[in-house]
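Peer 1: Chains as they are written, first to last, in my numbering: chain A, 7 to 494; chain B, 1001 to 1351.
Worth double-checking, as some hints may not be accurate.
[Stated by the list, open to error] Chain B stretches covered by chain A per the calculated footprint, using a threshold of three residues with CB under 8 Å from any CB of chain A:
(1) 1199 to 1208
(2) 1222 to 1231
(3) 1275 to 1285
[Claimed, not checked] Calculated pairs, EDC-like style, for lysine to aspartate or glutamate (alpha carbon to alpha carbon, straight line, at most 16 Å):
(4) B/K1169 x B/E1151
(5) A/K79 x B/E1092
(6) A/K401 x A/D427
(7) A/K79 x B/E1165
(8) B/K1078 x A/E353
(9) A/K55 x A/E21
(10) B/K1078 x A/E64
(11) B/K1284 x B/E1259
(12) A/K79 x B/E1075
(13) B/K1260 x A/E353
(14) A/K370 x A/E398
(15) B/K1260 x A/D80
(16) B/K1199 x B/D1189
(17) A/K79 x B/E1186
(18) A/K82 x B/E1075
(19) B/K1081 x A/E36
(20) B/K1260 x A/E36
(21) B/K1245 x B/D1215
(22) A/K79 x B/E1319
(23) A/K79 x B/E1095
[Claimed, not checked] Going by beta-carbon spacing under 7 Å, a handful of chain A positions derived as facing chain B:
(24) M7
(25) E10
(26) N31
(27) G72
(28) E73
(29) R191
(30) L226
If you are wondering where the hints come from, they were derived from the structure by calculation, not from laboratory data.
Each residue gets a CB set at the ideal place from its N, CA and C atoms; glycine is no exception.
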Amino acid sequence: MNREIFRMERVTYRENGVTFLKDFNLRIDEGEILGLIPVNGYGLNAFLKLLEVNLPLEDGYVYSRGELINSWKDSKRTRSRISVIGAENRLVETLSVTDNIFVLRKGFRQEIIHTGLLHRQLQPFLADIGMDIPADVPVERLTVFQRVVLELLRAVVFGQKFVVLNEIGALISYEELDKLHEILRHYVAHGFSFLYICLHYEEASRICERCAMMSHGRILKLLPCGSAENAERLYAAEYKKMVRIHMENRQEQLKERHQVFAADHLSGEQIQNLSFSVDEGECLAVQILDNNLFVELRDFLLQEKEPEGGAVLIGARRKQNFSDRRIAVIRELATRTMVFPELSYMENLCISLSMRVPTLWLKKSIRRSIRREYGPILGEEVFDLPVSSLTERQKYQMIYTRVQLARPDVVFCIQPFKGADLPHRMHIWQLLEQLMDHGIAVVLVSLNLSDSLSMADRLLVIGKEGIQEVLRKDFPTLAEEVPWMEPV
Amino acid sequence: MSWREKRKKKWKYISNRVQVLGVLCLVALSLSGAVQLAAAKTGADVLFTTGCLTLLAGAALAAAFWGWVIRPYREHEKVEKRFLAGYMFSEEDLERAVLTPTMREQMEMMEKIIRSPQLMDLNKRQAQYLALQNQINPHFLYNTLESIRGEALIAGLSGVADMTESLAKFFRYTITKVENLVSVEEELDNCETYFGIQKYRFGDRLQLHVEYDPDEWEEIMNCRIPKLTLQPILENSIIHGTELKIGEGNLWIRFRRTEKRLVITISDDGVGMDEETLERLNEKLNRGVDAITQQPEEKQGGIALANVNNRIHLIFGDEYGMHVYSMAECGTDVEISIPVVTRLEQKEEHV
């Protein structure tokens, strides 16, 4: 007999008159890893919120282990025994690993904390999953992967049999993801259930047997994972067409280009002798296999850390760091991290241009000219809107146009597709393509290849062991499943 | 009815509670006024005491209004709104309808009408009629006769006999059998008969697969489900799913049992449907009252599903029912969730 661990039956959920979930049906059995792929992100946050707290429903029923825990008739606003693990750290950063796991547990009633005893108690849990995490270090000193495992371990110790993993693939490297999958399988064998939210069918196929396709706040269909036929159907025909046209154009564009940027033996605490170059209008995908390397490179790019050795070459100039007008960086989750809500749309758009045109803020004529030129592309109405009321699409457009206006030689995009649903990923693709059309080199820095590879001209795989360069013609030989490789 | 029960019943309704609270408010105000007047007359400084008393009385009245009036009113409104949105209400919902006694009676009357045996029968008859009507529509009849003729020409009389037998069996089950709940085995048998008839038309282009856990087979087969639950959905899957597909079509009937539920999924690998159609269909399924009132006007597909779902709601309550999952070019799944009912007594309880 199947044992249901969690079930949502025809749930309709509204917030301030806006319907976020409509006739939402989802069932997870004991010992199952169910994939959830948001075809578009609408309603996903509301769904996660409902998983954690039993908020009032407009319609429908929520069951946990067959028992009704929330319904449109009666919502107790109590917290569910469900853990959600994602980008946001749910642990107390200043406390140690054991404190987070044992001391913060609800039933922990000891008045004197026996640190040594707790350390010893933790060891079997770690040994069980083949992990080695120092028990006494504060959580803030752990890597992202260790933090994810720790949150998982905490859920296990707390007896939460149902855990939600939200876009973990974007946080950790391939190797770490494989290890995490191993851990999940181990717990599945012990009756734990997981909801694995990820943006790609290919990623879900690596761990799940079936996955739910979510769109506009409802589950469209449950698909068996691992079917190439399904993968084929999932990606919109227009996207495939876009990829194909892009590839045809790229062959023409890539002839005779000169180098615009090079890293020459860059070194830091983690990165050792990193060298690579990128040509005008080229798209280079950089996959980093180790999270520490990724964090250090990101810090270099955002100038939060100076490289200890080596240099970067911009045109003919040699520099010790990435601080140069000709290098632009688009941060992770750009619509949240690169939008200044207190500034107007025009100010947001031109914030980088002022470095190139110092008189920008003094001369209205320049701003008028920008509005004339970009109004038809961005939409006239956006210039008069408060930035906070822009749609995600308009925000992406604003950020990428900002970069385009600054005319850098090279743009480093840190996980540009992270957190974006399919329509937004398609839009980001188009915006990146526009940058390349303007001769700007694009470097896509990410932990996994899921979206970057199909648009890249070259791939650079950076690991602890060294750097490996893969040319476009050799992409099909890569072992990983990569979406949208079919049209190539 | 005892005095206590009478009082309890009287105070159940917001209309009565508001009267009581209104009187209390007036009394509190009058008392406060009287105390202040008395204080003014005697020149005593009782302003602080009266202020405190007024504050306390105000807080008590506010709490009483919240717990006694506002909250139950909101619940009542929720039930009303849902009814207006097309949802049916159960007896449990009626307990939350506490605006006025007349309003309650009115809702009880509506509930009685919706759940009346006549309407149930009408509903069932509609299902039978639809099933029958669908079978005797010209296309079905012509295609079946064509198949019979082909069989007769090619292979002699044995095929004709088989088809006739299948048809007779199907009609006998659909029209003659009068129970509300039947065993899964009987329903499945009817589905296979129906599919057998369709096979004459589609040949090897159409395949039916029945999937279940062998350990639970007997238990599942003994479960009781509303009559004509599976066949209309199977028919829908053929007509709107696989028939429109080029090449071979597959249909699956999957049975799954949990502690409290029997989940039956009827799937096809046909053309599926777009998001808007799926949204409309699931919306139609959830609004039970609409399904009853709007049936005659509906011309497009989904009547059979709404009808089956409506009967499940009427028999088992709105916690159970049907949900459709679909994506264009990815097929359609119709998931039916009903309580596990196996024994005869349980069966009678539900009918």
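Peer 1: All hints are to be evaluated individually against the structure, with a verdict given for each.
Peer 2: Hints, verified against the model:
Closer than 8 Å: that is the beta-carbon criterion, and the region 1199 to 1208 of chain B has 0 residues meeting it against chain A, so the requirement of 3 is violated. For the region 1222 to 1231 of chain B, the stated coverage by chain A is violated: 0 residues have a C-beta nearer than 8 Å to a C-beta of that chain, whereas at least 3 were required. Counting residues of the region 1275 to 1285 of chain B whose C-beta sits closer than 8 Å to any C-beta of chain A gives 5, which meets the bar of three, so the coverage hint holds. Restraint check for B/K1169 and B/E1151: not satisfied, since their Cα atoms lie roughly 19 Å apart, outside the 16 Å limit.
Distance check on the hinted pair: A/K79 and B/E1092 sit about 9 Å apart at the alpha-carbon level, within 16 Å; holds. The straight-line distance between the Cα atoms of A/K401 and A/D427 is roughly 14 Å, inside the 16 Å bound, and the hint therefore holds. Proximity of A/K79 to B/E1165 is assessed by CA-CA distance (about 50 Å); at most 16 Å being required, the pair is judged violated. Distance check on the hinted pair: B/K1078 and A/E353 sit about 46 Å apart at the alpha-carbon level, beyond 16 Å; violated.
As the CA atoms of A/K55 and A/E21 are separated by approximately 11 Å, the hinted pair is consistent with the 16 Å bound. For the given pair, B/K1078 sits about 9 Å from A/E64 by alpha-carbon distance, which is consistent with the 16 Å threshold. This hinted pair does not check out: B/K1284 and B/E1259 have alpha carbons roughly 29 Å apart, beyond 16 Å. Of the pairs offered as hints, the one joining A/K79 and B/E1075 holds, with about 8 Å between alpha carbons and a cut-off of 16 Å not exceeded.
Of the supplied pair hints, the one linking B/K1260 and A/E353 is violated, its CA atoms being roughly 60 Å apart against a limit of 16 Å. With a C-alpha separation of about 28 Å, the suggested pair A/K370 and A/E398 falls outside the 16 Å cut-off, and the hint is violated. Restraint check for B/K1260 and A/D80: not satisfied, since their Cα atoms lie roughly 21 Å apart, outside the 16 Å limit. With a C-alpha separation of about 15 Å, the suggested pairing of B/K1199 with B/D1189 holds against the 16 Å cut-off.
Only pairs whose Cα atoms come within 16 Å are accepted, and A/K79 paired with B/E1186 is rejected, the gap being roughly 36 Å. Taking the CA atoms of A/K82 and B/E1075, the gap is about 14 Å. The hint holds against a cut of 16 Å. For the hint linking B/K1081 to A/E36, the alpha-carbon distance of about 36 Å lies beyond 16 Å, and the restraint is violated. Pair hint B/K1260 plus A/E36 holds up; C-alpha atoms about 15 Å apart against a cutoff of 16 Å.
In summary, the hint linking B/K1245 to B/D1215 is not supported, as the alpha carbons are separated by about 35 Å, beyond the 16 Å threshold. For the proposed pair A/K79 and B/E1319, the alpha carbon gap of about 11 Å is at most 16 Å, so the pair holds. The suggested pairing of A/K79 with B/E1095 holds, with an alpha-carbon distance near 11 Å, which does not exceed 16 Å. The interface hint given for A/M7 holds, since its Cβ lies 6 Å from the closest Cβ of chain B, which is under the 7 Å cut-off.
At a threshold of 7 Å, the smallest CB-CB gap from A/E10 to chain B is about 5 Å, leaving the interface hint in force. Given the 7 Å rule on beta carbons, the hint for A/N31 holds: about 5 Å separates it from the nearest Cβ of chain B. Among the interface hints, the one on A/G72 holds; its C-beta lies about 5 Å from the nearest C-beta in chain B, closer than the 7 Å criterion. A distance limit of 7 Å between C-beta atoms decides the matter here; for A/E73 the minimum to chain B is near 9 Å, and the interface restraint is violated.
Look at A/R191: its Cβ only gets to about 22 Å from chain B, farther than 7 Å, so that hint breaks. Restraint check, A/L226 versus chain B: the minimum CB separation of about 5 Å is within 7 Å; hint holds.
Violation of the numbered hints given earlier is confined to hints 1, 2, 4, 7, 8, 11, 13, 14, 15, 17, 19, 21, 28, 29; the remaining hints are satisfied by the structure.
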